[in-house]
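Q: If you want the building blocks of each chain, they are given just below.
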Amino acid sequence: MAERQHRKLLKHKQNTIGYLFAFSWIVNLLVFVLFPIAFSAYLSFTRYDGVNPPKWLGLTNYKIMFTLDPSFWKAFGNTLYYMFGSVFLKVFISLILAVILNNARKGMGVFRTIFFLPVVLPVVPVMFLWMMLFNPNGLINRFLAFFGIPGPLWLNSPAWSKPALIMMSLWGVGGIIVIFLAALQDIPRNLYEAAQLDGANSVHIFFRITLPMLSPVILFCVVTGFISASQVFAEAYIMTGGGPLESTTFVNLKIYLLAFKQGDMGYASAMAWFMFLIMVPLTIVVFRVFRKWLTID
Amino acid sequence: MRNLSIRNIKIAIVYAVLVLLSIIFLIPLFWMISTSLKSDEEVMTAPIKWVPSTLRWDNYVKAVEAFPFLLYLRNTVFLTIINTIGTLLTGSLVAYSFAKLKWKGKRLLFAITIATMFIPGHVLVIPTYIVYSKLGWVNTYLPLIIPSWLGGGAFTIFLLRQFFISLPDEIIEAARLDGASELAIFTKIVLPISVPALVTVSIFTVLFVWNDFFGPLIYLHKSELWTLSIGLRSFQQRYTTHWNLLMAASTLMSLPMIVIYFFLQDKIVKGFALKGGSH
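In order, the protein sequence lines correspond to chains A and B.
Counting in the numbering used here, the final residue of the first sequence is number 297, and the numbers go up one at a time with none missing.
Counting in the numbering used here, the final residue of the second sequence is number 1279, and the numbers go up one at a time with none missing.
These are calculated hints, taken from the structure and not from any lab test.
Hints are not guaranteed to be accurate.
Said to hold, decoys possible - Listed next, the in silico DSBU-like pairs over lysine-lysine satisfying Cα-Cα at most 35 Å (straight line): (1) B:1188 - A:55; (2) A:8 - B:1100; (3) B:1267 - B:1010; (4) B:1102 - A:8; (5) A:106 - B:1270; (6) A:261 - B:1270; (7) B:1049 - A:63; (8) A:8 - B:1104; (9) A:261 - B:1222; (10) B:1104 - B:1222; (11) B:1010 - A:106; (12) A:74 - B:1134; (13) A:13 - B:1106; (14) A:106 - B:1267; (15) B:1106 - B:1062; (16) A:11 - B:1100; (17) B:1049 - A:106; (18) B:1134 - A:11; (19) A:261 - B:1010; (20) B:1106 - A:8; (21) B:1104 - A:13; (22) A:13 - B:1188; (23) B:1188 - A:8; (24) A:74 - A:63; (25) B:1010 - A:11; (26) B:1010 - A:13; (27) B:1102 - A:55; (28) B:1062 - A:11; (29) B:1010 - A:74; (30) B:1049 - A:13; (31) A:11 - B:1106.
Stated by the list, open to error - Just so you have them, the derived chain A footprint on chain B, three or more residues with Cβ under 8 Å: (32) 1021–1028; (33) 1059–1068; (34) 1077–1083; (35) 1099–1106; (36) 1120–1134; (37) 1190–1199; (38) 1252–1258.
Since the structure is predicted, the reported quantities are computational estimates derived from the model, not experimental observations.
Even glycine gets a Cβ: it sits at the ideal position worked out from N, Cα and C.
Make the full structure from the sequences, and use the hints.
A: Next up, the structure:
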């Protein structure tokens, strides 16, 4: 009896200490994650300018968004374009580079250092740099002219503005390369040795061993890439202002302009919630993959 | 013999590709520094001018004097330091709780924590802004500091938890049997052997705060509060055609991150790889 009482007390004490250690984070989750998610859902059904109390509108914001506001669909299309273009190219290129790097035993460190360097550079200077590179008279077009190719207007052209931003994002492939490199080094050596004994060539080895072993990591990189690319903002805000002809107006830029420049936080919240709902299934996928790794530890 | 030469050719191709790509990757950075040292006339000249005919180091002086660079630098350094301290203090406590303490609801809460790493942030921005604005904290540093003092974010907690979990339970149990309090165990035993992990977390915090654009953009509207990100942006709007001065200021803002990277790149790269979950 006393034993049970004692154990109960001990458990109670353990709980209290655990909560106390984690207290700051629990507050954070409640105030800055769970509450905002619920509150923005509420706001999406209202008209709210940030000053006067929110006015209930029912589904009006969503109706406007889906049926009456072509600029939303334009922004949504731009965002999808950027997401698919940037993520697939980034993952594809990083995969190739990681496999090549993994084969270069000597000097691999030096190359990795170079490929990763752009990842640590601050966002704003990097964008100014690329604005200069994409200038119609800038380095890229001078280089193309050297081969007799007339370069496009890049950021000033509705057709080339998104490809330009995608090109710029490729400078950051280093962040994915290091993930692939770590995964490549986790593939057991003996798998390769066995395949070599069987006389498999390197193309075979890549498709039969490397690619299948990497597939969870590839999935992870694609999904997390989608989630972060769906939030593309600073590129458009700083480099193009959303233009030309709204060709780089992404959903996040639209949300920012609506909420913070036009005082239409209700409508902006509807857009934010729509994006949230679209991305949640992806979050669940990545969570599943991620949890598997966590249990391995 | 034949096999060997094929192998050599393969290796030669691999290195040729890597060297070429490295050059392509370095050109933008080289161009930033080269432009920062050019005269106005040389900035966009027709044959590509890789190296300026005279190195205009005074561009750096001009750039720093053309806008309140030192003020913005001071603000950014202040935010970086205070956020790093907060992240280390609160993040390590939370992560230790997840790693080594037993309490009800821990698994669920950690699952939620991991999930928040992948929540698209759009949905959080507006309500969070409303909270801070109702508290009257817009145009103060509080919205940019408070999150760091409340656990320092999911990634920090995840990273530190992975490290704490790897520590042997025996040393903690032994201290408990000696009657040490949990806080004493944490500060006297766990923290001193966790310095490598704490350094990694510090680097990530510094990188994040130094590079942050969106936070300062929505919360800081008074120019005396601005950070380098926002200050540089306003400088660019006034000096659109002075690419050389703009690149000088950009180089100055990038330099500390490049230095940190060269000294601590293994930690940064490892942290990034861990972010990918591949461990």
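Q: Taken at face value, is the distance from the CA of residue 8 of chain A to the CA of residue 1106 of chain B at most 35 Å?
A: holds, 18 Å
Q: Do three or more residues from the segment 1059–1068 of chain B put their C-beta atoms closer than 8 Å to C-beta atoms of chain A?
A: violated (count 0)
Q: Please verify whether residue 74 of chain A and residue 1134 of chain B have alpha carbons no more than 35 Å apart.
A: holds, 33 Å
Q: Quick check: the segment 1252–1258 of chain B, covered by chain A? Criterion 3+ residues, Cβ under 8 Å.
A: holds (count 4)
Q: If you count the residues of the segment 1190–1199 of chain B with a beta-carbon closer than 8 Å to a beta-carbon of chain A, do you get 3 or more?
A: violated (count 0)
Q: Verify this for me: three or more residues of the segment 1021–1028 of chain B with a beta carbon less than 8 Å from a beta carbon of chain A.
A: holds (count 6)
Q: For the pair supplied as a hint, residue 1104 of chain B and residue 1222 of chain B, is the alpha-carbon distance within the 35 Å limit?
A: violated, 45 Å
Q: Take the C-alpha atoms of residue 106 of chain A and residue 1267 of chain B, compute the straight-line distance between them, and say whether it is at most 35 Å.
A: Judged against 35 Å, a Cα distance of about 21 Å means the pair holds.
Q: Does residue 8 of chain A sit within 35 Å of residue 1188 of chain B, going by the straight-line distance between their CA atoms?
A: holds, 28 Å
Q: For the pair supplied as a hint, residue 8 of chain A and residue 1104 of chain B, is the alpha-carbon distance within the 35 Å limit?
A: The given pair, whose Cα atoms are some 13 Å apart, holds under the 35 Å limit.
Q: Quick one, are residue 261 of chain A and residue 1270 of chain B close enough, alpha carbons at most 35 Å?
A: violated, 40 Å
Q: Is the Cα-Cα distance between residue 106 of chain A and residue 1270 of chain B 35 Å or less?
A: The hint holds at about 20 Å.
Of the numbered hints listed earlier, those contradicted by the structure are 1, 6, 7, 10, 15, 18, 19, 25, 26, 27, 28, 29, 30, 33, 34, 37.
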